[in-house]
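Student: Chains A and B, in that order, are what the protein sequence lines are. For the first sequence, position 190 matches number 190 in my numbering, and the numbering has no gaps at all. For the second sequence, position 287 matches number 287 in my numbering, and the numbering has no gaps at all.
Everything labelled a hint here was simulated from the structure, so no lab data went into it. Keep in mind that this is a model prediction, so the values were computed, not measured. Be a bit skeptical, because a hint or two may be false.
In silico lysine to aspartate or glutamate, EDC-like type, Cα no more than 16 angstroms apart, as pairs [to be verified]:
| id | chain 1 | residue 1 | chain 2 | residue 2 |
| --- | --- | --- | --- | --- |
| 1 | A | LYS357 | A | ASP345 |
| 2 | A | LYS186 | A | ASP244 |
| 3 | A | LYS227 | B | GLU219 |
| 4 | A | LYS202 | B | GLU176 |
| 5 | A | LYS317 | A | ASP68 |
| 6 | A | LYS227 | A | ASP193 |
Partner residues are not named here, just some residues of chain A that face chain B (Cβ under 7 angstroms, in silico) [as the list claims (entries may be wrong)]:
| id | residue |
| --- | --- |
| 7 | GLY50 |
| 8 | ALA53 |
| 9 | ARG222 |
| 10 | VAL228 |
| 11 | ALA236 |
| 12 | THR256 |
| 13 | THR265 |
| 14 | THR413 |
| 15 | THR414 |
Idealized CB from N, CA, C, for every residue including glycine.
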Amino acid sequence: MPKIAAHLRGRSWLVVKFLAAPVFAGLLFAATHAAAAEVVQIAYIDPLSGPFASTGQLGEEHLRFAIDRVNAAEAAGPGRRFELVAMDNEVNPEKSLTLLRKAIDGGIHYITQGNGSSVAFALSDAVAKNNRRDPTHAVVYLNYAAVDPGLTNGKCNWWHFRFDADSDMKMKALASYLVGRADIHKVYIFNPDYSFGQSVEKAAIAMIGNQRPDLTIVGAERVPLGKVTDFTPYIAKMRAVGADAVVTGNWGADLTLLVKAAADTGFNATFFTYYLGARETVQAVGMAGKGDAQISEWHENVDAPAIDKMAAAFNAKYHENFYYWRVVDMIDTLAAAMKEAGSTDPLKVSRVLSGMKFSTPLGAEEIRADNHQLLQPMYISVLAPDMPHMFPGVPLGFKTIKRFDAEATRLPTTCSLKAPD
Amino acid sequence: MEGLLLVLLNGLVYGLLLFMLSSGLTLIVGMMGVLNFAHASFYMLGAYFAYTISVGLGFWPALIIAPLLVGGLGALVERYGLRAVHRHGKLAELLFTVGLAFVIGEIVPLIWGRPAVPYRVPAVLDFPAFALGGINYQAYRLFMMGVSVAIFAGLYAALARTRLGLVIRAALTHPEMVGMLGHNVPRVFTLVFGAGCALAGLAGVIGGNVFTTSPGMAEALGAIVFAVVIMGGLGSIPGALLASLAIGFIQTASVTLDTPLGVLLGRLGMAVDPHGALAEITIARAAPAVPYLLLVLVLVVHPRGLMGARAD
Numbered sequence: 001m002p003k004i005a006a007h008l009r010g011r012s013w014l015v016v017k018f019l020a021a022p023v024f025a026g027l028l029f030a031a032t033h034a035a036a037a038e039v040v041q042i043a044y045i046d047p048l049s050g051p052f053a054s055t056g057q058l059g060e061e062h063l064r065f066a067i068d069r070v071n072a073a074e075a076a077g078p079g080r081r082f083e084l085v086a087m088d089n090e091v092n093p094e095k096s097l098t099l100l101r102k103a104i105d106g107g108i109h110y111i112t113q114g115n116g117s118s119v120a121f122a123l124s125d126a127v128a129k130n131n132r133r134d135p136t137h138a139v140v141y142l143n144y145a146a147v148d149p150g151l152t153n154g155k156c157n158w159w160h161f162r163f164d165a166d167s168d169m170k171m172k173a174l175a176s177y178l179v180g181r182a183d184i185h186k187v188y189i190f191n192p193d194y195s196f197g198q199s200v201e202k203a204a205i206a207m208i209g210n211q212r213p214d215l216t217i218v219g220a221e222r223v224p225l226g227k228v229t230d231f232t233p234y235i236a237k238m239r240a241v242g243a244d245a246v247v248t249g250n251w252g253a254d255l256t257l258l259v260k261a262a263a264d265t266g267f268n269a270t271f272f273t274y275y276l277g278a279r280e281t282v283q284a285v286g287m288a289g290k291g292d293a294q295i296s297e298w299h300e301n302v303d304a305p306a307i308d309k310m311a312a313a314f315n316a317k318y319h320e321n322f323y324y325w326r327v328v329d330m331i332d333t334l335a336a337a338m339k340e341a342g343s344t345d346p347l348k349v350s351r352v353l354s355g356m357k358f359s360t361p362l363g364a365e366e367i368r369a370d371n372h373q374l375l376q377p378m379y380i381s382v383l384a385p386d387m388p389h390m391f392p393g394v395p396l397g398f399k400t401i402k403r404f405d406a407e408a409t410r411l412p413t414t415c416s417l418k419a420p421d
Numbered sequence: 001m002e003g004l005l006l007v008l009l010n011g012l013v014y015g016l017l018l019f020m021l022s023s024g025l026t027l028i029v030g031m032m033g034v035l036n037f038a039h040a041s042f043y044m045l046g047a048y049f050a051y052t053i054s055v056g057l058g059f060w061p062a063l064i065i066a067p068l069l070v071g072g073l074g075a076l077v078e079r080y081g082l083r084a085v086h087r088h089g090k091l092a093e094l095l096f097t098v099g100l101a102f103v104i105g106e107i108v109p110l111i112w113g114r115p116a117v118p119y120r121v122p123a124v125l126d127f128p129a130f131a132l133g134g135i136n137y138q139a140y141r142l143f144m145m146g147v148s149v150a151i152f153a154g155l156y157a158a159l160a161r162t163r164l165g166l167v168i169r170a171a172l173t174h175p176e177m178v179g180m181l182g183h184n185v186p187r188v189f190t191l192v193f194g195a196g197c198a199l200a201g202l203a204g205v206i207g208g209n210v211f212t213t214s215p216g217m218a219e220a221l222g223a224i225v226f227a228v229v230i231m232g233g234l235g236s237i238p239g240a241l242l243a244s245l246a247i248g249f250i251q252t253a254s255v256t257l258d259t260p261l262g263v264l265l266g267r268l269g270m271a272v273d274p275h276g277a278l279a280e281i282t283i284a285r286a287a288p289a290v291p292y293l294l295l296v297l298v299l300v301v302h303p304r305g306l307m308g309a310r311a312d
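Same shape as in the complex, but just chain A (with noise of 0.2 angstroms):
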């Protein structure tokens, strides 16, 4: 099929060629821009349903918000038009599976996914599986938002790429400013009971125990994704071993009840996160949240014009906070590789995609070619007021404790990635 269309495509630019007459220069501007029109489908599996069916929903509109933009300004080369396809997978690697083999099937050679490192590995193992027996339909998968390290260590391939800081690069950052507070004492480790859970997990303690004298870690704890109603008994558990920081990886409905609970009980311990950054989350935890940090690629106090306009453009239209700008940039690259590229072919848009480097509104960024981990700068973030930028019905918004750029986020890794014949 694929060789038909292109085919088809050639000459109906031959025509235009040798037909150029000013009599019908309208007639076959529409005629060349219906058939110069190219459609490269992105598949997005992720939860529409379900538990985590918000999450989800709020990673679709912001991929559909970023494929507007990129459609609009033809940014992945002329005729070019990206085309977002929503697949439900209910955070469950089996489903993904089949999921992807549908896309596959239905000739679609770009999928997105980012909620759950255990879809994740599932994904990127089948994709690069795929690739090597059927490279004429291989796949590009793009990861926004699962960060275990291991994707991009162990278990890396050439196919993945990833836009998201991993756990570990987050880790550094979060345990750089919690170890500099010297108000905290006694450290609480929270997390999902999946790999990324157990990846933060193990960051935070090595990145937290025995670094101040008067620093410990009194409890480490993992919860299933999605299953507890009431957290007020681990909050209680928190409480009695003295607990004043708590490093929590969870995310979605799971963090809004564990914040949710926290403040009810009167639990006032800095919650030190990865995903605080949901308007539900703040929502729900309230005044309470004040001084609970978060790490983010960026937050809506951020000084950059460009994605604030972004930003409001998102909120008029969907009527929700804009919060994944890595989707965007995510979107953004991968046209700037497709432009550069000549061609929406896997390999070479992923041979450019390998080593990019490029700048955005918030500074320089690279995809590591070793591999294929994006470089960012990362924002430290806690919750205050009066900022310019609230959250409606709770005025506190992000303030940026700390930046980093994008180099400083590297990490060694012991995958070293070749690009496939």
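Chain B: place on chain A using the hints.
Tutor: Chain B in isolation, oriented as in the chain A frame:
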């Protein structure tokens, strides 16, 4: 000592919440023999209705109006849906409620959106009533416990002590006879189903703001509610209370135990590989699975549940 008290208190709070959630379901199972899979969906509707009403009128009107709306909706579903499939047997009824759960699960995000809505605890009850071991207990939680106890007392009294209760119970076992005596049996069933849904709605009104009101809330609680009802014995209201409290206490207690499962099994005399997975997983990490473990144990020992009378 303080730790034990905390566990008991948290267990009581959680157990009473579970009872509130499952009371309507157990009523419907007990009095109609229908396992209503859409129960958690009615719970979700209660929370969303309450949110919408509370935006305009405040929490207290919502506390009354939302359960009535959900109950009315339930009655309509019984009258025009369930009754039509009733003659096709139990399986058809079950499948109907499963379908209904999907329909409600899709309609809710269409109306209110996917992200959680900011449904808040009313300001008058949003203060710490007392503290134990540094953990504040919100006055609203006490209110929630009070409502749950009131539901139990009300249901128990209504079924055991009133004429209506007598008719309902008779309609279950001897529908023809009750009909002959001049009672409108189908209407009794509509009433029971509506009341069960209203209870689910009430649980939604009260639980929706303690936890979160989002389209995922039905799914998150659906499984545990069934565990309670089955463990308590299908249709037994005291059984549901007992099962709720047992799950509440045991789950809360297991959260506090950091002993590996392997050690526990070892003490029970089972041989466990000291380097295997069981030696590493703590009881706390297995806590969310405890209700289901308990359910299986109860069913093995007593297949009809703790206080179950019905065999079907």
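Student: Against each hint, give a clear statement of whether it holds in the structure.
Tutor: Here is how each hint holds up against the structure:
1. A/LYS357 to A/ASP345: Violated, at roughly 20 angstroms.
2. A/LYS186 to A/ASP244: 5 angstroms, holds
3. A/LYS227 to B/GLU219: 10 angstroms, holds
4. A/LYS202 to B/GLU176: 66 angstroms, violated
5. A/LYS317 to A/ASP68: The hint holds at about 12 angstroms.
6. A/LYS227 to A/ASP193: Status holds; Cα separation ~11 angstroms.
7. GLY50: 6 angstroms, holds
8. ALA53: With a closest approach of 5 angstroms, the A/ALA53 hint holds.
9. ARG222: With a minimum Cβ separation of about 6 angstroms from chain B (threshold 7 angstroms), the hint on A/ARG222 holds.
10. VAL228: Holds. Min distance 6 angstroms.
11. ALA236: 5 angstroms, holds
12. THR256: 6 angstroms, holds
13. THR265: 5 angstroms, holds
14. THR413: 28 angstroms, violated
15. THR414: 25 angstroms, violated
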